[in-house]
Each structure stands twice: as structure tokens, then as C-alpha cells.
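Model the full assembly from the supplied sequences, consistent with the hints where possible.
Top to bottom, those sequences are chains V and E.
The opening position of the first sequence corresponds to residue 1 in the working numbering, with each subsequent residue numbered one higher.
The opening position of the second sequence corresponds to residue 1 in the working numbering, with each subsequent residue numbered one higher.
These are computed hints drawn from the structure, not numbers from a lab.
Glycine included, C-beta positions come from ideal geometry on N, C-alpha and C.
Heads up, none of these hints are tricks.
Which residues of chain V face chain E? A few of them, derived with a C-beta cut under 8 Å, are: (1) Glu47; (2) Lys49; (3) Pro50; (4) Leu252; (5) Gly299; (6) Gly301; (7) Ala360; (8) Gly362; (9) Met369; (10) Lys446.
What follows is each chain in one-letter form.
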Amino acid sequence: MLNETYDVLIIGSGHAGGMAAKILSEYGIRCLMLNAGPVADVAHDAEKKPAFEVPYRGFRPPGRIDHVFQSNGFNANVWVDEREVPYTFEENQPYNWVRVRLFGGRSLFWSRQSFRLSDYEFKAKSHDGFGEDWPISHADLAPYYSRVEGIFRVTGAMDGPPQLPNGNFILDDAPWTSALRRFIDVAKPRGIPVCKQRSAQGRDGLASSVNLLLPDAEKTGKLTSIANAVVREITVDKNTGIPNGCNFVDRLTHREMSVKARVVVLAAGTLESTRLLLNSNLANSSGLVGRYLMDQVYGPGVLASVPEARRNANLNAVMGSSSIVPRFRNIDKKSDKFLRGYALNTTAATGAVAARNFAAYGVELQRKMDEYYGSGFHMTVMGEVLGRYENHVRIDKDRKDAWGIPVLHVDTKYTDNEFNMAKDAVETACELADAAGFEVLSKNDKPNPPGYSIHEVGTCRMGNDPKKSVLNKFSQSHDHKNLFVVDGAQFTSAGWQNPTMTILSLSMRASEYLAGEMLRQNI
Amino acid sequence: MRRRDFVRSVLAVGAAPRLLLSQQAATPAAPPPAPVPWLLGLTEKTPIPQVEAADQVAAAQLRFFTPRQMATMTRLSDVLMPPMGEKPGAVQAQTPQFLDFLIGDSPDMRKQVYREGLDWLDAEAKKKFNVEFAKLSDVEADALLKPWLRTWMNDHPPEEKHADFINIAHDDIRTATVNSKAWFAAPQVGAEPRTEEELYWSPIEPDISPEKADCASVPPHVQAVPKADHPMPSYPR
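In C-alpha cells:
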């Protein structure tokens, strides 16, 4: 087995890498998967505990993961430690890079919202003139979306307008609760669609690469995987300059290793795949590797209270549903304040309303919290961030990570388009809440720092023109036909949607194309 | 001594008494295997010792707040989260001591919010009531604090000076108190907040490499010594 040349080297084991491994190995192609971190075994590595038995009483341990707002004292050890793998940014332009290096990556912890992009995203430039169109349309990706939705067991209703294409759903035909009906009644006359939430059920409570994709690949006997393999660079053939494998370093022992493969598939997550290309000096004839970093505006939102839910013995008839309000701005008529649009996640929650929603303390606060219990109506914003050339990442030559690999410098910021969009979203959400007779308790129109959504995409965008894009429509490098990037890096525009279904579908499509080309011996 | 010779001599030492024994006793007990495997017997049946969190038992050394700031912090905690029903207040839950530790370990920005906030609060008490904050009555403290309370969303505390400190501290005091063992142990009534109980992830195969940036200055445990200075016999590894 030593010095064997594998058919395909897959770097990364999350949704993108897991899907590539499944598809390629099912074609009989021999794959080697490298993952930078260890295998997590919940039976050994995790245990239910009360906050006073964990470090810092459940608070985020200071100084290690300050840019992971999602972290707390319980999950602190699953994220990448910022001291071990640092990244840099200008002080006034913070970036929240949220990373998981466990086997399966962030697919272990995602929120499972499962949306398709529509042609308002794929053909965004044709619609409003900004940016570039993707080289594919919804019709090209639709068959793959359907298969992915089947594997991930996505629940939803066939209620989407054109900007939210319907899919291969486990049908959600539960009636709306009365709070949501009130919300729909005021949204509809304003031309604002309200749809059933769409969510991946997965199996046994998990919708991850490790339980839905990798077992299929392992069953073929064609997949070999290595954990704790931190890839240093992609190697190239000395004579031809063609990628032929990689050098990696063992995370624990720092032993330097090399592997050879006929094809390299990058699936390390948007910014790690891009960092690897930049550190390897590859696939960058366009000069665009690292350019057009995008994500989604998260943080703005409104919390209202549904009056009839307070002290209501029949709470489940009033509260409990959740909905997705897909983008409604700049569909039929043009907004003069911003391009593109945002979605609202709305949830009629049955639990406690957090203390910060009341300007009170002590006994008075507890009385308020008792009264408002079970009446919280959450509206949170997911806004599209435009792809701009100047929002980019590059290698920081002065900093190295724990294995001596140069780190990434992130240079990105939101513009008036994003800020205006956030303001409009919060104004609109407040208007809807008022109209529905809900009491607005708190609101915020300031976005969290870029990256917070964990939906970072772009930096190796796909396109038909090799001068204006890094990858072609099959996620294949314009420069090297045996090099693919199958994660979020390939996005041409971000959309407002959670990108997971699109990443999975693109990886599936690229992998089938690659398998076909390998079987025809074109690669 | 070569390793093989060493092993042979160990075996010889073990064999000699056994030879003697066999001449004296008819049924000698089987000798323990030598050398004794260290970890033999550590199994899933091994009892797990019961331990307490240190701050349930021991007093924390205060390192961050000045005594004056600590007095202000303690009064603030008591006002914002007094004992209610059977639940302990922030002071009973040792929250001021815990925050001395948490904030003292935190980034400078958070330290600054607390230091300046506590000093400002004390100065305000002096200005308005001519007494330090720690000695204010509930009514006086309410008059000072209430105007600064705001409603806000997660991750976005007020940015306005003074309101930032009051609201951040209020949130931290509540979390630290609700997450204390004292709160957990007291009976739960109605919609009172519950101590967070979640899946805690231990460090998963943590990186132990000496080259890691924050332990690069620690010398390795075993250092090679130049041969000439070191006359003891060495053995091949």
C-alpha cells in the first residue's frame, strides 16, 4: 500500500468531501480522504453535565475562541483554537472564522436549514446587473438537489414562490399555529410570502457527512481515510506542473508525510481550500483565488411577544410553528436602497423569553419573565452579501500556525448595501409584528461581524471565462483538469440561503462529472 | 550492559529463590508475572473517585478587582439578583468572586468595561448620595441603576457609555448565578431560569506537540546530553 498512487485525493471530510467520497467510491474509484483533525466519538468525548461542573460555569473560555460567538463552556473544545490556527485581520475589520476540524467538520453541528438557490441567485446579474451569473442554472442542479434532499430527508411543504424552488420533501402538512396564521394574514397583503420551514431530518437525530455519506463510501471498500492529517501543500509533478498529491503533517507528532494521487479534490471548507491553493501557488492564472469572499448578514432581528400566548393553558395551539419568509425585495419591483434581499426566519417559541428583553431586574424581572413565558416570536434576518473583488483573503507571510503553515489574512467588510438591507429588514419585521398585534420587546439592526453566519462562500468562484473565474461549471480548475474545489469556495454569488444543500449538490454533480471523465480516461 | 544481557540477569535473579522454594514446599503458589504490568486491572469496573468543583469547596483568591471595586461589584450583584423564593441570590452563589476570575482572564476590552463601570458607579453614588455604592440602600441603588437598563438582542448589548456596563454586568451576573451549584440545588418553581445542562465535550485528542506556539518555550522533559560530559552507560533505543 505504501507509495500507492490513489485515484483521487479528497482533502476534507465534511458535507463536500463526504459527498465526493460517496459518489466516487460508488463508481469504483479508489479515494484517499485526509482530515486535519481527530475523529470525535460522542460516547467517549462528551458527557451531559451541569454548568457548574464545566470550566468557567458555562461561559466561553476567554482568549481561545473569541471570534466564535456560537461557542460556550460546553462546546468550547470542538472549535478550532485561534491560538493553534490563527488568522489575521485589520483591527477595525473583524472577521469571525468559525471552524471545526473534527472528522465530519461542520456537518456535525449545522442548523439543518435546507434551501435551494433559485435563478434569482444563479442568474443574479441577468436580473439586476451586479456581479456575474453562475455558469449553471437551477435546472442544471435540480436533479442533484432532489437526490441530496432524499439522502438528508428534508421536510418542507411545496409552498415556495419562484425564489424558493420546491424540492423532494418529506411533506410537512401540520397546520400553522394561530400566531403564525396571524403573521401570514398581515404578510400576504404586503406581498410577503410565508413558507413552511425546510429542515434536514437526517437519521437518528443527525444529518452529517459521518452518518449519511461516509458509511456508503466505506461500504464500497474503495475509501481510505486518515485523521489528524494537516495538509501543508498540494504537490505538482516536477516536469509537467500538474497536481499529483500533497504533503501533510501529522497533527500530533509533526511527522511529515506525502501521498500521491491522479486527481485532487479540495473540500476543506471555503477558506481552508483557498488557503491551501494560495500556499501551493496553484490554479490562480486568473489572479482571483481568494477574491469575492461573501457570506450572509446575520445578527439583525426582532423579538416580539404574542399577547394571547401569555399565561395560556393551551399554548401549543398558539405557538410552536416556524416559517421561512424567502427574499421578497427586488423580485418584482426594485428597491432604491439596496440590491438583492434577505429572508426572515420566524419562530413562535414556547420556552422562556430571555431576561435581556426586559428593562428590569430582580423581583420585577422575574414577574415579567413569568408573564411572558412561551410568548416569544423570533424574527431573524439572513441577508445576501454582495460579491466584491476587494473583499478577499491572502496569505499572511508573517504568521504561521502550529505546524508552520502560513496563515490567512482576511480583508473584508460590509458596505451600505448590507447595512441598508439590515435596516429595512428590521423595519419590516417591526411593521409586521405591529400589524399582527405582537409587542416588540427588542430589536437590533447591526450585523454581526462578517463570517458569523458560518456561511462563508466564494474565493474560488466558478464561471465560463477563465479570466474571470477560478473554476469551470463542473467545479474543475480552469488551469488543471485534475484539480477540483467542491465546497463553498466555488460560489459565484452567496444568496440569502443556507448554502449546505447547494454545496452538497455541487459536490455530487462535480463528482459524477469527474467519475465519468476518469472512466472515459479523459483525466 | 547490552539489553539482552540485562534481561537475562533479571530472569536469573527471579529463578534462584524459586528453585529454593521448590525444594521446601510441595505445592508452591504460581509466581506473579514479572515485571508486573502497570495498568492491568484498570477496567470499566474500576470505581471512579467522586470529586467536587474546586469553587464548591475552596475560597478563590481575588486577583482582578480592587477591594473597592469588589465591594461595588458585590452590592451590584446583590441588587440586580437578590435571593428570591428558595433560589439563592448572586452573592450566595459566589458570583462576584467568580466574575473576578472570569473578567480577569478576559480580553482587555471586557476588563475595561468592568473597571471603568465599577469606578463610575461608585463615583455616581458619591455624587448623588454622598456615600460609596456599596453602602447604598435598595431604593437609592434603584434610582441609580434603573435609568440605564435597556432591552437588547443577543451579541448586541447597548453601546452607549454606562448602559453598556450595566447591561453586560447584569447579564453576566445572572448567567453566573443561574449556572451555580447553589442555584441548581435549590428547588425549581415555575418559570425560574434553569441551570444550563448540556453535552460537555472534553478536549478531543488535544495537540501535544512541543512546537505548538504557546508551549514552544517549555523545554522537552528529556534532553540529550553531550556524550563526553555524560559517563553513564547508554543503551540503544
